[in-house]
Each structure stands twice: as structure tokens, then as C-alpha cells.
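Asker: Go ahead and model the full structure; you've got the sequences and the hints to work with.
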Amino acid sequence: MTEMLPGNGAAGEDLGDEEGGARALGRDPFADLAEPDPFAEKLELLERIPRLRAAPPPRPLRARRPRPRPAAEEGEPPPARPLHRRWAATPPVAEVDLPEPRGLVDRVLGEHQRRVLASLGQLVEGEASYDRYGFSPSVMRAAFPAFYALYRLYFRVKSSGHENIPSEGPAVLVANHAGLLPFDGAMGVVDVSLHTDPPRLPRSVVDKWAGTLPWINVFYARAGQVIGTRENVADLLDDGQLLLVFPEGMDGIRKPITQRYRLQNFRVGFIEHALRASAPIIPMAFVGTDDQSPILYDVKPLARRLGLPVAPITPTFPWLGPLGLLPYPVSYRIVYGEPLRFHERFGPQGADDPRLVRYLANQARRAVQSLLDRNRS
Amino acid sequence: MKSVLVTHADEPIGRRIVKTLYHDDEVTRILAVGDGPPPRAFDRFLGGPDPRVLYARVDLARHRPVSDLFHSGRFRDAEVDTVIYVPRHGAAAETGAPIAAGLPERTAEARMVLQHGLETATVRHLVALGSAFVYRIPPGNANRLDESSELDLDPEVPAEIRSWIDCDMIFHGEVHNDRLRVVLLRVPTVVAAGGYVYLHPFLAGRPGPRIRALGYDPICALVSDKDVACAVRAAIHSRRPGIYNIAGMEAVPLSVLARWTRRAALPLPGALLSWLSASARLVGASAARVGSDGPHLRYGFTLDTRRAERDLDFRPATRIGLARAGDGALRLETASV
Chain D
1019 MTEMLPGNGA
1029 AGEDLGDEEG
1039 GARALGRDPF
1049 ADLAEPDPFA
1059 EKLELLERIP
1069 RLRAAPPPRP
1079 LRARRPRPRP
1089 AAEEGEPPPA
1099 RPLHRRWAAT
1109 PPVAEVDLPE
1119 PRGLVDRVLG
1129 EHQRRVLASL
1139 GQLVEGEASY
1149 DRYGFSPSVM
1159 RAAFPAFYAL
1169 YRLYFRVKSS
1179 GHENIPSEGP
1189 AVLVANHAGL
1199 LPFDGAMGVV
1209 DVSLHTDPPR
1219 LPRSVVDKWA
1229 GTLPWINVFY
1239 ARAGQVIGTR
1249 ENVADLLDDG
1259 QLLLVFPEGM
1269 DGIRKPITQR
1279 YRLQNFRVGF
1289 IEHALRASAP
1299 IIPMAFVGTD
1309 DQSPILYDVK
1319 PLARRLGLPV
1329 APITPTFPWL
1339 GPLGLLPYPV
1349 SYRIVYGEPL
1359 RFHERFGPQG
1369 ADDPRLVRYL
1379 ANQARRAVQS
1389 LLDRNRS
Chain C
51 MKSVLVTHAD
61 EPIGRRIVKT
71 LYHDDEVTRI
81 LAVGDGPPPR
91 AFDRFLGGPD
101 PRVLYARVDL
111 ARHRPVSDLF
121 HSGRFRDAEV
131 DTVIYVPRHG
141 AAAETGAPIA
151 AGLPERTAEA
161 RMVLQHGLET
171 ATVRHLVALG
181 SAFVYRIPPG
191 NANRLDESSE
201 LDLDPEVPAE
211 IRSWIDCDMI
221 FHGEVHNDRL
231 RVVLLRVPTV
241 VAAGGYVYLH
251 PFLAGRPGPR
261 IRALGYDPIC
271 ALVSDKDVAC
281 AVRAAIHSRR
291 PGIYNIAGME
301 AVPLSVLARW
311 TRRAALPLPG
321 ALLSWLSASA
331 RLVGASAARV
341 GSDGPHLRYG
351 FTLDTRRAER
361 DLDFRPATRI
371 GLARAGDGAL
381 RLETASV
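Taken in order, these protein sequences are the chains called D and C. Converting from the first sequence to the working numbering requires adding 1018 to each position, the first position being numbered 1. Converting from the second sequence to the working numbering requires adding 50 to each position, the first position being numbered 1.
Treat the hints with care, since some could be wrong.
Interface residues of chain C toward chain D, partial, derived using beta-carbon atoms under 8 Å [unchecked claim]:
(1) ALA192
(2) LEU230
(3) ILE269
Heads up, simulated SDA-like pairs for lysine to any residue below, C-alpha to C-alpha not over 25 Å straight-line [what the hints assert, rightly or not]:
(4) D:LYS1226 - C:ARG112
(5) D:LYS1226 - C:ASP204
(6) D:LYS1226 - C:ALA321
Bear in mind the hints are in silico, worked out from the structure with no lab data behind them. Glycine included, every Cβ here is placed at the ideal spot set by N, Cα and C.
Answerer: Right under this line is the structure:
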């Protein structure tokens, strides 16, 4: 029998309520609910008048039938369910319902290009017309004629090896980067879109610096480009999308003319993500981009002071002002190499080995360099 | 069977949560507390001889009223085992907003609720609603963020966002508590039918024109209030503590969202915006009204919700878009799919 100590609820200290439980301390905020309704008297008066009877009290809502839930015991939570991921897909070009030509865009483009645009437009569903990276089919449709004109008339792009691009599932296009302004990325997007069926929209992975630029950052996003953060790349590959990466980064576009067609060191993040997502790596070579804006000298102190990645001196810049930054009308040649299926040999756990990842990045670099060397001649 | 306490139930998201839980037969009793009088929407719930919903006015930022709440007879009789912490909406924690115990109100409330949740023996589960604006937003129009993304611990963040980060970290610290199962839901901009918008540092609060950064139109992840309520319901039935991103299906640029919610967004160059923001801070004006030069005006984000899909079985079920109302005007509407 427990002995009651003074001060702990002994005689004279009633800590229990009627049911014998602990007494509530302080002011009960719900106590107001028990107070009489101040309008009750008036309601009674109203109810005595037949024609002015008060409205009946609101009927409580009927609860729905309970949903059966799996019986689970307390303690260990149930194992997590695997997610079913649906890969983003576009319909084949032949199956697209092509609306009647309207507007300038439709007059400029051929039927195939319009079908491709219509197919890519189905990547985005719903009212909003923007995907989770800000891609807008309507902006792409409006901008496509200008880039297609650059593709056909200005850079006169020729390409080969499209059969190496998988028609579905995650994949990483790994390319060389050069030419001061990233027209190589734009031409790559146009080329892949036009030569795959169902059309695939390669999501170019761009540098974080581009995301800070007003207007440019918006246009990039609306055209389907993404910033190269870990979460973006992992999510896109998990969604089965096609990435276009330039592992040289800014080192590629600011390399001087003496380093022409010589690849800079590759970053390794794309290998890690490709291994984790079981995505093949497709080497891709842009021949011609190194000649579009040959950099004679990079004024690095000036670039640092202005917060720019490069302060170039070219044969035309800064002598012609901003016009001097425009690329020369060189001819592009885009070549896709055979896929490197590192994931089949090393699996997702290979991504955790930094030496292996560095080695595979060098392998990819060699593959791109080899494509470049073979096609330059 | 659950018996739940819902805070700030008089505000729109809290109301929606109470309504959703009322239709959940596994929830036997709902104690709803808020700052104001009981919402008219609760009339149907509060009626009857033994209503499942009880409402009381409690100032959650002060110790005594919260202590009275957690020690009240109704709380004890209801055997509340789940506390749903719905934060104060809008731009409450700005400079000049009420300060309780040296903290912005939102932070003080979060501390009080968590502290009493930990001390109350019957409470075993706490679901807290936080903001996704706590993340450090990398440059770019739209970036994907998951639960392991970095938080923005920059001391220069606006006070409104700092209070969200403080709340987030208060709950984050108890996620691994053995006795109290803490679930923290990070939600982006919440929209409701009619064009209402909550929890957005730029658009929330009173209607009226806003100032945004010229040359930037960041993507805003959206979630409807109905989906938030569904996520809360999923969280209280889940036995997995942790942090989860919750988002809907849509993501739209800030300019579109401003148009949908009938707020004029005036773009200003960055330098002018910085000057205006600094001046507003000096005179104590709300950043939500005059704009701020924070990254959330330049850079956007969307949320990776795979963890919530996997662990909470949450999937957004509401589409958000414009629909033509009876008077012919286009209004933001939410519709179940």
C-alpha cells in the first residue's frame, strides 16, 4: 500500500476530480463551450412565433465509409513500397495529330519539324503548361524556327550516329564544349530532337553561373535546359530523360586557340549519376565549334574582377563590340559514338568508388576525343 | 483510432485540415485551437450533443495559455495522441510583428507546442507543417530540391524566411525522438480555390501590387490546400517519422502565379530593388509588400516528393488552374482528379 506523503496529495489536498483522475490545472480553454448560449432565450421566443420559426440547427455532416487500412502492429514501420516511375515519353512522329498550319512558325517549318514540336509539346500536361524545370512547349515552339535556321543555314549542321541514341530510358550524351557562346548545346538539342523517333528532348545541363543571368536563365529553363545540380541530374535520370552534359564545363569554352580540339579535364559527377541510374553514356563530338570564336587570350584578372567566367580577346572581340562575340559561320559536324555501358559492369555501387569514377570519366573523355580526332579529318 | 489537436484551425489551411480529418473515421476527436473566434465553416462540426470537433481560442505563443491547453480537462478526456502543428499563415514574423519571449511569434509557437508535446504522456505523434522556402535556392529558374538539400542558413535571409527556418530546425531536432514520432512536412506555396495564396514570402498576405526582380521569373511549386490536408492525414496514419517534401502537380512562373492570384507584380531592376528593400527594412515595412532582394525572387524551385510517395503513400490528387466562374471571370480553381 502506497503511503501518502504530505504535499503529494495527502489528506486535505484534493487533486482528484469526480472520476478520480488528476485535476486540470489552470484555466480550461474549452470551458467556454459549457457556458449557456446567450442567444438561446431569443431563439425560444422566436420559436413561439409560428411564421418566424428559427432555422433548424445545422445537421452534422455524415462521415464517409471508413477506408480499409492494412492491419499493422505497433513498433517497426512497414517496409517502404517501391515506387513505380513513369518515364516521360512522347508519341512517335507519325502518330501525332498535326493541326492545320497557322501563323509564321508553321509556314517556316516543314511538316516533320512541326510534328516533332507537336510531339515534344506532349511532355507537359495540365493547365500550367510548364514542367517542373520550367520547360514550356509554347516558348520552344516560338524559338524553334530561329534555331532551326541557325542549324540549317548558318552552321549547316551534318550529323551521324543517331542510332546510338536510345529511344527511351535514361541516357547521358557526353560532348566536348567550345566556342565562347554555347551554340553547340542549342544545335545538339535541335539535332537530337529532329533525328529521334519518338522525338527526345535532350536536357542540356548548364553551369550555375548561367542561372544568375537575368532573362538568360528564364529562356534556358523555358527551352528545357537545367542547372547542373545534384538533385536536378538525379531526378531527370530517374525520370528516364536524356541529358546532354559538357563535362569540361567553363574550361571548355574559355580554352585558347592553342588548345583547339584538345579536351580539358572532365568533371566526374555525370559518371556517378549515370551509374546510379543505370544510364548508358553516349559520346558525342561537335566538330567545328572550336573554330567559331578562337580565343587568342583570356584576361583572367579582368574576368575575376567582373565576375565573368572569361574575358576573351578574339580576332573580332572587343574590336567590333558585342557583335564581335558572334560565332563565325563555321560548319558543324555532330557525331554520336557507341554507348558506353559502364553500369552493366560496375553497377550502382560503383558510384561510391571515387577512383573508379575518375577512371570511367577518363574513359569517357578518351571516347569523345577519339570521335573528335576521327571526324576532324 | 486517433484523437488530434490542430493548431491555428481558424486559418484557411487549418480549417481545411479539420474538415478533412472530420471525414476520417479513424479520427475520433478533434480539438481545434486558434487565435480568433470559431470559423463559420465549423458550425456544422460543432453542432450536436457530443461533437467530434471542439474549438477554443488559445494564444500559442505564450506559455501559460499553452500549458492550460495541454493540462485542460477536455484535452485529458479526449486522450489526444496526435498534435498537428499548423503554423501561422502569411507574413507574420516580419520586423515589427509581435515578439514573444524574444522570438518571432511563429518560432515561439513552434517551441511551445513541441515542448508540451514532449511533456504530455498521451501525445505520441506530432505532425508539423513547415515551409519549403527554408532551402537554400541555387541559381536558376527552376531547381529540384529534395529533403537532403541544404537549408539556407545565411544570416541575411529575410526575417519571414528565417522564422520558417527556426521552426524547421526546432522540429528537425526531434525527428529521431523515440517516444514522440515527429513528422515534418515542407510545403511550397499553398493555393486555394478563388485565388487565395498562403505561405509564399512574396505573394502571401493582403492583396495588392508586389515588386519583383526584373529579368527573373522563377518557377513556383504549388500545392493545393486540399492536398496539404491529405498529406497531413497521411502523415498521422503513417508510422514513419521524418521530413517530407509535399507538392502538387503544377509549377508555374511567379508572374503567372501573381496573375492567377490577382496581384500585380511590377518588375524592377536588381539595384533598385535592393535599395528599396533596404529602405523598407529601415522603416520596418513588410518585405512581402515592397519586395525583397532575396534569392526567392530570382531563383525558383520544385520539390522532389518521392519520399512522401514512398513512406506516406501521398500523391497529389488536385489540379490547379484557371477556370471560368459563373460570372464569366477566370479564377484560380482546384479540382480533384
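Asker: Does each hint fit the structure? Answer for all of them.
Answerer: To see whether the hints hold, each was checked on the structure:
1. Contact between C:ALA192 and chain D, as hinted, is supported at the beta carbon level, the nearest pair being about 4 Å apart and thus within 8 Å.
2. Hint on C:LEU230 is violated. Least Cβ distance to chain D is approximately 14 Å, over the 8 Å limit.
3. For C:ILE269, the interface hint holds, the least distance from its beta-carbon to any beta-carbon of chain D being 5 Å, beneath 8 Å.
4. At most 25 Å may separate the alpha-carbon atoms for a hinted pair to count; D:LYS1226 and C:ARG112 exceed this at roughly 44 Å.
5. For the hint linking D:LYS1226 to C:ASP204, the alpha-carbon distance of about 19 Å falls within 25 Å, and the restraint holds.
6. Distance check on the hinted pair: D:LYS1226 and C:ALA321 sit about 21 Å apart at the alpha-carbon level, within 25 Å; holds.
Violated hints for the displayed structure, listed by number in ascending order: 2, 4.
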